[in-house]
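Assemble chain B onto chain A, guided by the hints.
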Amino acid sequence: DTAVSQTPKYLVTQMGNDKSIKCEQNLGHDTMYWYKQDSKKFLKIMFSYNNKELIINETVPNRFSPKSPDKAHLNLHINSLELGDSAVYFCASSQGVENSPLHFGNGTRLTVT
Amino acid sequence: AQSVTQPDIHITVSEGASLELRCNYSYGATPYLFWYVQSPGQGLQLLLKYFSGDTLVQGIKGFEAEFKRSQSSFNLRKPSVHWSDAAEYFCAVAPGGAGKSTFGDGTTLTVKP
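So the sequence lines, in the order shown, correspond to chains A and B.
To convert, note that position 75 of the first sequence is 76 in the numbering used here; the numbers rise steadily by one, no gaps.
To convert, note that position 61 of the second sequence is 57 in the numbering used here; the numbers rise steadily by one, no gaps.
If you're looking for bench data, these hints aren't it; they were derived computationally from the structure.
Take the hints with a grain of salt, since some may be wrong.
[Claimed, not checked] Below, a sample of chain A positions facing chain B; criterion: calculated Cβ distance under 10 Å:
{"#": "1", "residue": "Met16"}
{"#": "2", "residue": "Lys41"}
{"#": "3", "residue": "Ser49"}
{"#": "4", "residue": "Phe65"}
{"#": "5", "residue": "Lys68"}
{"#": "6", "residue": "Leu84"}
{"#": "7", "residue": "Phe91"}
{"#": "8", "residue": "Cys92"}
{"#": "9", "residue": "His104"}
{"#": "10", "residue": "Gly106"}
[Said to hold, decoys possible] Pair ranges (Cβ atoms, derived):
{"#": "11", "chain 1": "B", "residue 1": "Gly49", "chain 2": "A", "residue 2": "Ser81", "range": "24 to 34 Å"}
{"#": "12", "chain 1": "A", "residue 1": "His74", "chain 2": "B", "residue 2": "Ile5", "range": "45 to 55 Å"}
{"#": "13", "chain 1": "B", "residue 1": "Gly49", "chain 2": "A", "residue 2": "Gln15", "range": "19 to 29 Å"}
[Unchecked claim] The following residues of chain B were derived to be distant from chain A, with all beta-carbon distances above 12 Å:
{"#": "14", "residue": "Glu11"}
{"#": "15", "residue": "Gly12"}
{"#": "16", "residue": "Leu15"}
{"#": "17", "residue": "Lys64"}
{"#": "18", "residue": "Ser66"}
{"#": "19", "residue": "Ser68"}
{"#": "20", "residue": "Arg73"}
{"#": "21", "residue": "Ser76"}
{"#": "22", "residue": "Trp79"}
{"#": "23", "residue": "Lys96"}
{"#": "24", "residue": "Ser97"}
{"#": "25", "residue": "Thr98"}
{"#": "26", "residue": "Phe99"}
These figures come from a predicted structure and were not determined experimentally.
Every residue gets a Cβ at the ideal spot worked out from N, C-alpha and C, and that includes glycine.
Here chain A stands alone, though its shape is the one from the complex (with noise of 0.2 Å):
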């Protein structure tokens, strides 16, 4: 029983085309994020979502847009994918109180060409 679980594991696709990714997790958890990691295995958030609302919301560009259907999911949609949104996408989860550790999934490996 996963705790926190993304789809697909991996995603190849052109340039131009639109994808989705989707999380979904079973802790009970109040807040979801996306995280972004390059290649070189930096980690940056993207997007924070509590009960639903959008409560992070870093520089990324408009062509990606979560959505968080209830609180136990959160889809990343990507508009127009460029060379340069190749990277490994994670979802997390919190409980979001303060001292509550992130939950991640196992990513999603997103290859653009």
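Chain B alone, transformed into the frame defined by chain A:
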């Protein structure tokens, strides 16, 4: 704004040897501090965290870390490394809770047989 520095990009140790991974942070007050481990192809997993109290914290897999306010450091240690400890290690600081975590650039640990 807070920042995290992991001075060592790559560390190699022999199996059975001791390990210390360095982490320095920059923040005005005492932040929330975390160490995460990322095995190949996996998401990040929490090793340990520090919020207050005893400055030596114990984590999973035999890891411990010591918070030193005077040095703005939160170094990770393990007395005897196992081959399965080979992974990427990330230090993170979160002044306002896990959701606002800033991650260091990571340290890659290689374990020699």
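Using the nearest Cβ pair, does A/Met16 come within less than 10 Å of chain B? Violated. Min distance 25 Å.
Status of the hint placing A/Leu84 at chain B (closest C-beta pair under 10 Å): Violated, about 22 Å.
Chain B contact restraint on A/Ser49 - CB to CB distance below 10 Å: It holds, given that the least Cβ distance between A/Ser49 and chain B is near 5 Å, below 10 Å.
For the hint on A/His104, just tell me whether its beta-carbon gets within less than 10 Å of chain B. This hint holds: A/His104 lies near chain B, its Cβ roughly 8 Å from the closest one there, short of 10 Å.
Classify the label on B/Ser66 as holds or violated, using whether its beta-carbon is more than 12 Å from each beta-carbon of chain A. Label holds. Min Cβ-Cβ 23 Å, cutoff 12 Å.
Given A/Lys68 as an interface hint, is its Cβ closer than 10 Å to any Cβ of chain B? violated, 18 Å
May I ask you to test the hint 24 to 34 Å on the CB atoms belonging to B/Gly49 and A/Ser81? violated, 49 Å
Per the stated criterion, does the least C-beta distance between B/Leu15 and chain A lie above 12 Å, as a non-interface residue requires? Answer for B/Leu15: holds, closest chain A Cβ roughly 19 Å.
Against chain A, does B/Lys64 keep a CB gap of more than 12 Å to every residue? holds, 20 Å
Under 10 Å, Cβ to Cβ, is where A/Phe91 needs to be relative to chain B, so tell me if that hint holds or is violated. holds, 6 Å
Beyond 12 Å from every chain A Cβ: check whether that's true for B/Ser68. holds, 20 Å
12 Å Cβ clearance of B/Thr98 from chain A: violated, 8 Å
Hint check: violations occur at hints 1, 4, 5, 6, 11, 12, 13, 23, 24, 25, 26; the rest are consistent with the structure.
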